[in-house]
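Undergrad: Residues per chain, in single letters:
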Amino acid sequence: MSAGTPATVAAAGPRRLAWARRRRTVARFWRQYRQNRAGLFGLVVLALFVLTALLAPVITADNALSVTQPPGSPLDGPSGDFPLGTDRSGRSMIDLLIWGSRVSLTVGFWATFISIAFGTLFGILAGHFGGWGSMVLMRVTDWFLVMPSLVLGVVLAAVMGRSLTTIIVAIGVTSWPTTARLVRAQTLAVEARPYIERARALGGGHWHVMSRHVLPNVMPIVLAQTTLMVGQAILIESTFAFLGLGDPTTASWGATIQAARDVGAVSSRMWWYILPPGIAIVLVVLAFTLCGRAIEGVLNPKLRERQS
Amino acid sequence: MSVLAISDLTVTYRTAGGDVPAVRGIDLSLGAGQKLGLAGESGCGKSTMALALLRLLPKTARMTGSIMFDGEDVLTMSWGRLRAVRWAGASIVFQGAMHSLNAVQRIGSQIAEPILLHSKVGEAAARRRVGELLEHVGLPARRADAYPHELSGGQRQRVMIAMALACDPSLIIADEPTTALDVMIQAQILKLIESLVAENGISLVMISHDLSVLADTCDRLAIMYAGRIVEEGPAAEVFRAARHPYGAALAAAFPTIGDPSSRRSPRGLAGDPPDPADLPAGCTFHPRCPVRLDYCDRIDPQLWPAGDGARAACVHVLPDQGLSLVQKEPA
Numbered sequence: 014m015s016a017g018t019p020a021t022v023a024a025a026g027p028r029r030l031a032w033a034r035r036r037r038t039v040a041r042f043w044r045q046y047r048q049n050r051a052g053l054f055g056l057v058v059l060a061l062f063v064l065t066a067l068l069a070p071v072i073t074a075d076n077a078l079s080v081t082q083p084p085g086s087p088l089d090g091p092s093g094d095f096p097l098g099t100d101r102s103g104r105s106m107i108d109l110l111i112w113g114s115r116v117s118l119t120v121g122f123w124a125t126f127i128s129i130a131f132g133t134l135f136g137i138l139a140g141h142f143g144g145w146g147s148m149v150l151m152r153v154t155d156w157f158l159v160m161p162s163l164v165l166g167v168v169l170a171a172v173m174g175r176s177l178t179t180i181i182v183a184i185g186v187t188s189w190p191t192t193a194r195l196v197r198a199q200t201l202a203v204e205a206r207p208y209i210e211r212a213r214a215l216g217g218g219h220w221h222v223m224s225r226h227v228l229p230n231v232m233p234i235v236l237a238q239t240t241l242m243v244g245q246a247i248l249i250e251s252t253f254a255f256l257g258l259g260d261p262t263t264a265s266w267g268a269t270i271q272a273a274r275d276v277g278a279v280s281s282r283m284w285w286y287i288l289p290p291g292i293a294i295v296l297v298v299l300a301f302t303l304c305g306r307a308i309e310g311v312l313n314p315k316l317r318e319r320q321s
Numbered sequence: 006m007s008v009l010a011i012s013d014l015t016v017t018y019r020t021a022g023g024d025v026p027a028v029r030g031i032d033l034s035l036g037a038g039q040k041l042g043l044a045g046e047s048g049c050g051k052s053t054m055a056l057a058l059l060r061l062l063p064k065t066a067r068m069t070g071s072i073m074f075d076g077e078d079v080l081t082m083s084w085g086r087l088r089a090v091r092w093a094g095a096s097i098v099f100q101g102a103m104h105s106l107n108a109v110q111r112i113g114s115q116i117a118e119p120i121l122l123h124s125k126v127g128e129a130a131a132r133r134r135v136g137e138l139l140e141h142v143g144l145p146a147r148r149a150d151a152y153p154h155e156l157s158g159g160q161r162q163r164v165m166i167a168m169a170l171a172c173d174p175s176l177i178i179a180d181e182p183t184t185a186l187d188v189m190i191q192a193q194i195l196k197l198i199e200s201l202v203a204e205n206g207i208s209l210v211m212i213s214h215d216l217s218v219l220a221d222t223c224d225r226l227a228i229m230y231a232g233r234i235v236e237e238g239p240a241a242e243v244f245r246a247a248r249h250p251y252g253a254a255l256a257a258a259f260p261t262i263g264d265p266s267s268r269r270s271p272r273g274l275a276g277d278p279p280d281p282a283d284l285p286a287g288c289t290f291h292p293r294c295p296v297r298l299d300y301c302d303r304i305d306p307q308l309w310p311a312g313d314g315a316r317a318a319c320v321h322v323l324p325d326q327g328l329s330l331v332q333k334e335p336a
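Chains as they are written, first to last, in the working numbering: chain A, 14 to 321; chain B, 6 to 336.
Since the hints were made in silico from the structure, they are not lab data.
Check before you lean on any hint, since a few could be wrong.
[Unchecked claim] Covered stretches of chain A, as calculated for chain B (at least 3 residues, CB under 8 Å):
1) 205-211
2) 290-304
[As the list claims (entries may be wrong)] Residues of chain A clear of chain B, computed beta-carbon distances all greater than 10 Å:
3) ALA69
4) PRO91
5) VAL182
Only a predicted model underlies this, so the values are computations on that prediction, with no experimental measurement involved.
Every residue, glycine too, gets a C-beta built ideally from N, C-alpha and C.
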């Protein structure tokens, strides 16, 4: 874990030095992260889900999602061939879950990316410039904040058609204001510090102040917000799919639960149809939340003290 | 040629409760290599003036007059030119070094910040320069890798000074550079500033409420009261024999070492500094003045010559003219 003696590192030039420094920082982060057992659990669960999603084409048969040539007969209970039974078309529930993880993670990452990118950008701009423009920006934020994502999703699905993109946009558009508010508050707190005045006094422009001083200081909050947001986005995606707003041809977990409801899985006691996708959603969201909390704990010294 | 020439500078803060004048007409000039001390109690406008020199005041501040820096007016300068002048032309040593340093960046990269902003040198050259600067202010070059919290108060202030020197400015504004340091460190830092300024021919504006610090370091002293300079002259002269009663009270507030009587009966000044939003009429100092005349609430004294290259804004300097002014004005 050590990156050589200081003398050899210094001799290696500034670039090498910077990399050695970065490695040390990552190592220190990992050491502290490891101490949080829940965070470690979340990370392992997450890694499993990501691995499954990436390997989906390899570990499932070619006709796994085929409705016309399903591998089994419809609505069978768990058996040797199908450990979690089959759905109404006769497809293996396990394969559906595996392919569903792809959809969930895709939506989770992209929607979060939109939300975090816009939120951070607008938050820093509003916090840095202040005044009239900031007022307008924050009123726009408020407007997006009160917009219910479900209603917007319905409208967007009607306009843009039912697809994953629609869902991603709907989640991204309705969730960035939370990030923006958070980032703006932190920006204001950072900008009040005297070293910002110093940065301005030494000839730094707006870009310099925002990128060199404000952004590094809001990054911890953004990072924690990101992991929490992914879980939230996955949950909303399932809701959309359950309400029939998703792409009918993709096998997402929400869509599977909706199909289970359609065939009356609850009243027919077909637990294998409705429980596994639900548990998968809960697990992924929980994993992201645990990771988010753990990162927050490492980056926020106040939380760290309370834990130890 | 003077590096800095301020004429009739006013700064007014626009607040919800109306306009508050913080600086009310200041004329000052500073030659190359000269050291000027600016003294006054809290709220007299000395920090406001210092920040105005580089147009660092918040948007609510309105400035009039002119600040000629190396022949250019800072107040009418374009934004790009202003950014170039900031630090490369005039730099600031801020008070409270702990807070003026970014706690999550190494001090080396913070000192390199103005170098990278203002000169077209690479990271490696900036790094070398940082090492030189640190050695210059009496810190080992390898301390560039330290974080601010790993340094003591005096070391942090040294870092601030190294930063101020980074771009070879022609003027350094030191805003209470020794506040919150103990006297030994204070003396070291003052010595350091003095020698660096003399070595590089830099002009210095040093702001403090501690007249003894200024008298020790500076060539000339200016004393501010309620947004104006009330006394200006050679440092020793002002400290020893101030013409303005406020300057005299400030100077007298220091006990003379070896003189027991000054220790037993410390002299201060009764009353509080005036509220800038509601200044007294006439001479703003008259409510607290121990040598007030009955017409002091009616005349507004200007900086009149007071001998030995000094100026003071008090009717006692020119009693005849003061009286004639009062007689001209309708009571």
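Undergrad: All hints, please: hold or fail.
TA: Structure-based check of each hint:
no., hint, result
1, 205-211, "holds (count 5)"
2, 290-304, "violated (count 0)"
3, ALA69, "holds (41 Å)"
4, PRO91, "holds (54 Å)"
5, VAL182, "holds (35 Å)"
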